[in-house]
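Residue numbers (my numbering), protein chains in the order written: chain P, 1 to 355; chain L, 356 to 630; chain V, 631 to 811.
The set of hints was computed from the structure by calculation and includes no laboratory data. In this text the structure is predicted, and so the values were computed from the model without any measurement. Where hints are given, some of them may not hold.
Listed below are the simulated DSSO-like cross-link pairs for lysine-lysine, each with C-alpha atoms no more than 30 Å apart in a straight line [what the hints assert, rightly or not]:
(1) L:Lys528 / L:Lys588
(2) P:Lys331 / L:Lys573
(3) L:Lys588 / P:Lys331
(4) L:Lys436 / P:Lys65
(5) L:Lys508 / L:Lys436
Here are some chain V residues the structure puts well away from chain L; computed CB gaps all over 10 Å [claimed, not checked]:
(6) Thr686
(7) Ala702
(8) Asp746
(9) Ala756
Every residue gets a Cβ at the ideal spot worked out from N, C-alpha and C, and that includes glycine.
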Amino acid sequence: MYVAVKGGERAIDNAHAWLAEERRGDPAIPDLTVPQIREQMTLAVNRVMAEGSLHDPDLAALAIKQARGDLIEAIFLIRAYRTTLPRFGASAPVDTGAMTVSRRISATFKDAPGGQILGPTFDYTHRLLDFALMAEGEVPAAPQAEANAQDTPHILSFLDQDGLIERALPDDTPPRDLTREPLELPADRALRLQSLTRGDEGFVLGLAYSTQRGYGRNHAFVGELRIGTVEVELNIPELGFSVEIGEIELTECETVNQFTGSKTEPPQFTRGYGLTFGQCERKAISMALVDRALRWQELGEDFVGAPAQDEEFVLSHCDNIQATGFLEHIKLPHYVDFQAELELIRRLRTAAMEG
Amino acid sequence: MDDYNFAYLDEDTKRMIRRALLKAVAIPGYQVPFSSREMPMPYGWGTGGVQVTAACLKPDDTLKVIDQGADDTTNAVSIRKFFQRTAEVAVTERTQDATIIQTRHRIPEAPLQPGQIMVFQVPIPEPLRFLEPRETETRRMHALEDYGLMQVKLYEDIARHGEIATAYAYPVKVEDRYVMDPSPIPKFDNPKMNDSPALMLFGAGREQRIYALPPHTKVESLDFEDFPFVAGKADHPCAICGSTESYLDEIITDDAGSRMFVCSDTSYCQERSVQ
Amino acid sequence: MDDIFAGGFTDAPRQSADAFRAALEAMARPGTRHALQAQAPAPLSPAAAALILTLTDTGTPLHLAGAHDTDAVRRWIGFHTGAPICPAAEAQFAIGTWDALHPLDRFAMGDAEYPDRSATLIVEMAFGRPTHRLTGPGIDGHLDAHIPGDRPVAFPLGLDLFLTSGGEMSALPRTTRLEAL
Numbered sequence: 001m002y003v004a005v006k007g008g009e010r011a012i013d014n015a016h017a018w019l020a021e022e023r024r025g026d027p028a029i030p031d032l033t034v035p036q037i038r039e040q041m042t043l044a045v046n047r048v049m050a051e052g053s054l055h056d057p058d059l060a061a062l063a064i065k066q067a068r069g070d071l072i073e074a075i076f077l078i079r080a081y082r083t084t085l086p087r088f089g090a091s092a093p094v095d096t097g098a099m100t101v102s103r104r105i106s107a108t109f110k111d112a113p114g115g116q117i118l119g120p121t122f123d124y125t126h127r128l129l130d131f132a133l134m135a136e137g138e139v140p141a142a143p144q145a146e147a148n149a150q151d152t153p154h155i156l157s158f159l160d161q162d163g164l165i166e167r168a169l170p171d172d173t174p175p176r177d178l179t180r181e182p183l184e185l186p187a188d189r190a191l192r193l194q195s196l197t198r199g200d201e202g203f204v205l206g207l208a209y210s211t212q213r214g215y216g217r218n219h220a221f222v223g224e225l226r227i228g229t230v231e232v233e234l235n236i237p238e239l240g241f242s243v244e245i246g247e248i249e250l251t252e253c254e255t256v257n258q259f260t261g262s263k264t265e266p267p268q269f270t271r272g273y274g275l276t277f278g279q280c281e282r283k284a285i286s287m288a289l290v291d292r293a294l295r296w297q298e299l300g301e302d303f304v305g306a307p308a309q310d311e312e313f314v315l316s317h318c319d320n321i322q323a324t325g326f327l328e329h330i331k332l333p334h335y336v337d338f339q340a341e342l343e344l345i346r347r348l349r350t351a352a353m354e355g
Numbered sequence: 356m357d358d359y360n361f362a363y364l365d366e367d368t369k370r371m372i373r374r375a376l377l378k379a380v381a382i383p384g385y386q387v388p389f390s391s392r393e394m395p396m397p398y399g400w401g402t403g404g405v406q407v408t409a410a411c412l413k414p415d416d417t418l419k420v421i422d423q424g425a426d427d428t429t430n431a432v433s434i435r436k437f438f439q440r441t442a443e444v445a446v447t448e449r450t451q452d453a454t455i456i457q458t459r460h461r462i463p464e465a466p467l468q469p470g471q472i473m474v475f476q477v478p479i480p481e482p483l484r485f486l487e488p489r490e491t492e493t494r495r496m497h498a499l500e501d502y503g504l505m506q507v508k509l510y511e512d513i514a515r516h517g518e519i520a521t522a523y524a525y526p527v528k529v530e531d532r533y534v535m536d537p538s539p540i541p542k543f544d545n546p547k548m549n550d551s552p553a554l555m556l557f558g559a560g561r562e563q564r565i566y567a568l569p570p571h572t573k574v575e576s577l578d579f580e581d582f583p584f585v586a587g588k589a590d591h592p593c594a595i596c597g598s599t600e601s602y603l604d605e606i607i608t609d610d611a612g613s614r615m616f617v618c619s620d621t622s623y624c625q626e627r628s629v630q
Numbered sequence: 631m632d633d634i635f636a637g638g639f640t641d642a643p644r645q646s647a648d649a650f651r652a653a654l655e656a657m658a659r660p661g662t663r664h665a666l667q668a669q670a671p672a673p674l675s676p677a678a679a680a681l682i683l684t685l686t687d688t689g690t691p692l693h694l695a696g697a698h699d700t701d702a703v704r705r706w707i708g709f710h711t712g713a714p715i716c717p718a719a720e721a722q723f724a725i726g727t728w729d730a731l732h733p734l735d736r737f738a739m740g741d742a743e744y745p746d747r748s749a750t751l752i753v754e755m756a757f758g759r760p761t762h763r764l765t766g767p768g769i770d771g772h773l774d775a776h777i778p779g780d781r782p783v784a785f786p787l788g789l790d791l792f793l794t795s796g797g798e799m800s801a802l803p804r805t806t807r808l809e810a811l
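Full structure from sequences and hints, please.
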């Protein structure tokens, strides 16, 4: 008798056992530790935290280990864990102006108060494989300098003083929360930014790139890119003041976009904004470009039909956990629907041939 | 699984889903937005159904989970195991013994009973989505009861093919108001939704929508007077139990492409074979 | 009962699961009665108290109508659910007697694009003999039940009602058609 559908349970158990073995790899090679991943695969850890929407380097490293290095799978593990956590409160907005910067560059001004700090970047490395890394070896210590004790002002604030850039006024409206409410369109900028910072790096990069190539071009310069640590403070209503609960690393990108004015706005520079957990600068820059492209309506620009301008398109498709789940679900059995289609096609063919 | 709450979801999330479910029942066929959570299984693999089931389960429930009509398909096994672990509920393969039945793509052959709840996993809840991709537009169409686009599509099918070329996820109209996607069940199953004694709940996790059919609700498959809806299936008896009433899977049995047809509802087939 | 800390669910996940299923059954089968119990300060009935514990939290503005707006009730709800107490127009849930809840057009009935954004009223009453014949979704043919009166409906817009009487509850979704007996 035909019993192909039976045995599903055993098949799953066996698949999991095999997966565990494959994840471990050759047992003669030492097991990779979570601290090793956290310390040496930092940018992967940062991406998992950014798109997982959870700042926890140890758990992100664990997720990468468990996912065999598949970062989307790791992000998925973090998201699924994150949703089970109780929420104790919301932090006060972090002050990136008070960031302790490890990297800060501007493409618009040669120098500015606070200076340019190249920081730990791949930018000017020659992309030559370093075969020395195949052997184990200590890394020589990098030169040290005194940290700047002053706050580092945002470079765009200098343009703001001259009235040359659109004003970014503080807004205390509590933002909607993408992780707690269903996405409702049209979205506001806060919701779009939430969506983009969780969005897939590759997808957001591709959209940003498309704007540069003319699909909704917005003439972006990196006004400032800064990476560093900021303090996180939590308001404790019972105490009447806020308490510092820790420090997190962030990447912030502000773009300056040329703007010749529209029906509603005078000629001035406009802004795009990107902010992510950890050092994720490709993502932060991409996010800023897409943010700017999505602001066409608010700035009175034309919708030219570019994908990056299309809020519903961008927000509905940038989440890689949603995307990969739905994409991969077509691996699941569809015998029933397929059978229905088979019957239909046979009937239509018969009708067509007879007709 | 002591680290997780009963039925996995935290109580805040369950309350949010429960409120959406009550509104869904009060407005049959209307898609209620809900803030779907990431689940420990992928979007597209039944997260909507799993969240609805988790919000409905009580400790004395008996759960049945099917995928393609079968209890032993891998994803059904996986979801059933999840609830055995997180809610410690009894499980069954017998349709008649279940209080909650979570399903992907089928309605069981055995008649449903009062008090039973069917939970459907839904990939794309919007019946108009493939005619109009924008949510902002389709929401307006539902608000205005503007289903002209759907009528045109069905009519064009008839003009081109002589019949409506939709074999599964065949749209229905609920209580003469909302056009609804019945999830990708074969249209063979559509008539089972009309005036059913069971409560039917639909969960779309990735798309963040919940909708419902209370028991004894009028559910009509869209058609035209001169082209009435026909619930079709393969014109064969089941090779195992001999049923001529049930929906069939087609199986290729050798290299020459020989075929056999067997019930897609394995529980129904097994029970008939034993008798 | 004055102790605001008493009366909540001792095993919230399981008790609220049972209570919700009763509420779901009630809404799915209008007019049918279901047992539901939780202790709360008067005049909250045990059934109404259980509905509040099961369905409300800090995200659901709740309106207390008439005699139900007491300090003890406010504190009990605040402690057990955190639901913010609000005026009728902002309410997602409202509780009171039929008369105290009037006029009903104060409550949100949803809008054409989002008919679900409507208030759910918990009507405290004493179940008696059937007053109306009920027909519509959820009802096999018809059912006779005790209903406090008609309510504004412009389907798909409308108000959904839970009716509570001591430890019993039934529901009246907007789809149910009423005919006075």
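Outcome of the hint check:
Simply put, lysine 528 (chain L) and lysine 588 (chain L) have alpha-carbon atoms about 22 Å apart, close enough for the 30 Å limit, and the pair holds. Only pairs whose Cα atoms come within 30 Å are accepted, and lysine 331 (chain P) paired with lysine 573 (chain L) is rejected, the gap being roughly 34 Å. Among the hinted pairs, lysine 588 (chain L) with lysine 331 (chain P) is consistent with the structure: their alpha-carbon atoms are about 24 Å apart, no more than 30 Å. A threshold of 30 Å between alpha carbons decides the hint, and for lysine 436 (chain L) with lysine 65 (chain P) the separation of about 25 Å falls inside it, so the pair holds.
At most 30 Å may separate the alpha-carbon atoms for a hinted pair to count; lysine 508 (chain L) and lysine 436 (chain L) exceed this at roughly 41 Å. At roughly 8 Å from the closest C-beta of chain L, the C-beta of threonine 686 (chain V) falls inside 10 Å, breaking its exclusion from the interface. Once the 10 Å rule is applied to beta carbons, alanine 702 (chain V) is consistent with being away from chain L; the minimum gap is 23 Å. Non-interface call for aspartate 746 (chain V) relative to chain L: violated, since the shortest CB-CB distance, roughly 4 Å, does not exceed 10 Å.
A cut-off of 10 Å between C-beta atoms confirms that alanine 756 (chain V) is not in contact with chain L; the least separation is 24 Å.
In summary, the numbered hints that this structure violates are 2, 5, 6 and 8.
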